[in-house]
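Start from the sequences, fold in the hints, and give me the full structure.
Take a look at the letters that make up each chain.
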Amino acid sequence: MTPLDPYLAAQTSLGNRLLRVGWGLVYQIFFRFSPRPAHAWRAALLRCFGATLGRNCHVYAGAKIWAPWNLHCEDAVGIADGVVIYNPATVYLGSHAVISQDAYLCGASHDYNDPQFPMTSAPIHIGQYAWICARATVCSGVRVADGAVLALGGIATKDLAAWTVYGGIPAKPIKKRIQP
Amino acid sequence: MTPLDPYLAAQTSLGNRLLRVGWGLVYQIFFRFSPRPAHAWRAALLRCFGATLGRNCHVYAGAKIWAPWNLHCEDAVGIADGVVIYNPATVYLGSHAVISQDAYLCGASHDYNDPQFPMTSAPIHIGQYAWICARATVCSGVRVADGAVLALGGIATKDLAAWTVYGGIPAKPIKKRIQP
Amino acid sequence: MTPLDPYLAAQTSLGNRLLRVGWGLVYQIFFRFSPRPAHAWRAALLRCFGATLGRNCHVYAGAKIWAPWNLHCEDAVGIADGVVIYNPATVYLGSHAVISQDAYLCGASHDYNDPQFPMTSAPIHIGQYAWICARATVCSGVRVADGAVLALGGIATKDLAAWTVYGGIPAKPIKKRIQP
Chain A
1 MTPLDPYLAA
11 QTSLGNRLLR
21 VGWGLVYQIF
31 FRFSPRPAHA
41 WRAALLRCFG
51 ATLGRNCHVY
61 AGAKIWAPWN
71 LHCEDAVGIA
81 DGVVIYNPAT
91 VYLGSHAVIS
101 QDAYLCGASH
111 DYNDPQFPMT
121 SAPIHIGQYA
131 WICARATVCS
141 GVRVADGAVL
151 ALGGIATKDL
161 AAWTVYGGIP
171 AKPIKKRIQP
Chain B
1001 MTPLDPYLAA
1011 QTSLGNRLLR
1021 VGWGLVYQIF
1031 FRFSPRPAHA
1041 WRAALLRCFG
1051 ATLGRNCHVY
1061 AGAKIWAPWN
1071 LHCEDAVGIA
1081 DGVVIYNPAT
1091 VYLGSHAVIS
1101 QDAYLCGASH
1111 DYNDPQFPMT
1121 SAPIHIGQYA
1131 WICARATVCS
1141 GVRVADGAVL
1151 ALGGIATKDL
1161 AAWTVYGGIP
1171 AKPIKKRIQP
Chain C
2001 MTPLDPYLAA
2011 QTSLGNRLLR
2021 VGWGLVYQIF
2031 FRFSPRPAHA
2041 WRAALLRCFG
2051 ATLGRNCHVY
2061 AGAKIWAPWN
2071 LHCEDAVGIA
2081 DGVVIYNPAT
2091 VYLGSHAVIS
2101 QDAYLCGASH
2111 DYNDPQFPMT
2121 SAPIHIGQYA
2131 WICARATVCS
2141 GVRVADGAVL
2151 ALGGIATKDL
2161 AAWTVYGGIP
2171 AKPIKKRIQP
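Protein chains in written order, with my numbering: chain A, 1 to 180; chain B, 1001 to 1180; chain C, 2001 to 2180.
Honestly, the hints are just simulated from the structure, not real lab data.
A virtual CB, placed ideally from N, CA and C, is assigned to each residue, including glycine.
All clues stand as given, with none of them false.
Label pairs and their computed distance ranges (CB to CB): (1) B:Thr1120 - A:Pro37: 44 to 54 angstroms; (2) C:Phe2033 - B:Arg1047: 25 to 35 angstroms; (3) B:Arg1036 - A:Phe33: 13 to 23 angstroms; (4) A:Lys158 - C:Cys2048: 42 to 52 angstroms; (5) B:Asp1075 - A:Asp114: 14 to 24 angstroms; (6) A:Ser34 - C:Asn2016: 19 to 29 angstroms; (7) B:Pro1118 - A:Asp114: 43 to 53 angstroms; (8) A:Leu25 - C:Gln2179: 53 to 63 angstroms; (9) B:Lys1176 - A:Trp41: 42 to 52 angstroms; (10) A:Ala162 - C:Thr2012: 25 to 35 angstroms.
This is the structure:
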C-alpha cells in the first residue's frame, strides 16, 4: 500500500530495503564492534555483501557503508571511523585513496524542482592517492581526480582536478600538491 | 547549591532537566532502536512527551529531539537519522518539510558579550516544503520560508526567502527553486 | 611485521596504541554512560590516564578524548557532548574555555607533499574564555587567543586573535567581542 503522497513513498525497492536490513544486522553484530586491526575480517564481511575490495584495504569499524554491493575499492584504500558512504549509486575508490574521519561521500540527492521530490543518485569516483580530509563531503556525481586533496570540512560539488588541493564550500582550488 | 561561577551554573530549570532525563530514558529504550518503518510508534512516543505532530510524519530512529514538548510538526514532515533538533525554544516544521541526515536545528546560543555568558534561545520556523539538506544548520531565531532549500553543509544565520536555494557559510542565495 | 607500503604502516607507536586500547575500554565501560552531572567522576578517570585538569571542569559523557595524557585544562573548562579532541600532540584549554557540541579539535594531519604521506601533529592552544561553537573545528598547530569566538561550523586554519569573533571556512574575523 504505497502512500499517495510522493513525499512519503519509499525511494528504494523492497529488495533493496530487505538487503539493507540484512546488512544492517550483520554490521551491528559483526562489523561495528570488531577489533581495530581486524581489517581482513571487515573486508570479508563487505565482500559477502557484494563489495569489490582490492588487497590491504583498511575499512575501520566505525565506517558506515550504506550498500556494500555498490562499493568498489582498489588496493590499500583507507576508510576511517565515522566515514559515511551513502551509495545508492556506485562509489569507486582508487588505490591508496584516503577517506578521513567523519567524511561523507553523499551519492544521492533529491530533484527539488520536481513536485514529486524524487530521490536522485549518481556515482562518485575518487582517484588514486586522493585524500578526502576529515568532515569533508563529496556530492553525488562528482569525480575526484588522482591525488586531489579536499581539505577539512570542504564540500566538493563539482569535479576536482588531479594533484590539486581544494577547500571551502563549495570547494575551490587552493594550491598544487607535489606529484611524486 | 548553585556554583558562584556563572560558567558552571545550570542553564535550564530543574524541572526541565528532570523531564529531559525521563525523555532520555524513553528515547534510549523505546525510540532509538525501534524498527525503521515504525513511524507511528515514534510519533506516539513524541506525543507522550508533548510534541504536536500532524499526520504521517516520518521521524527516524536516529533523530535526536532535545525537548519533544517544544516540537510542532504539520503533516508529512520528514526528520532523518542523525538530525539534531536542539530546541530549548519552539521548533516549528511546516507540512512536507524535509530535514536530511545529520542536519542541525540549533535553537540556542550564548550571549558572549555578557560576562555571565548566559544561554539564549529563540524559535526556529521551517516552512512547508522547505528542505534542510544533509549536515546543514539552521541557527536560533531563523525563519526558513516555504519551499526554501538550504544546501548540504550550509549554515543559515538569517532568514531564508521562499522557493530559493541557499548554500555556504553563512548561507547565501544561489538560485530560484521552481514553485509548483 | 610492518607493511612496506607507507600508507598501511601504523602512524603511532605500539605503546601508544596499547594505551589507547586501555583508555578505550575504560571510556566505554565507565565514562560514556556515566550520569550527566558526574563531572568529578569523569575528571578522575581522565586524570588516571594522565590528563591535567583544573577545578570544576565539565567534560560531558559524550565527549571523545583521543589521548587524555595530552590534555591540559585549567579551571572551569567545558567540553560538550559530541566534541572530538584528537590530540596526538598536546591540547591546552585555558580557564573558562567552552567547547560546544560536536566541535572538533583536530591536532593531526598528513604531509600530502611527502610520498610517504606521514602523519603530522602539532599542539592546539585555546585561550581563557574562548568559545569554540558547535560543529566548529580548530586545526593542528592553531593558537586561539583569550576570549576569541569561533562561530558555528567555522574552521580555524590559522591563529585567532583575542576577543574577536570569527566564522566561515577558513575562519575570518567578523566583529569584536566585548572584553569584560
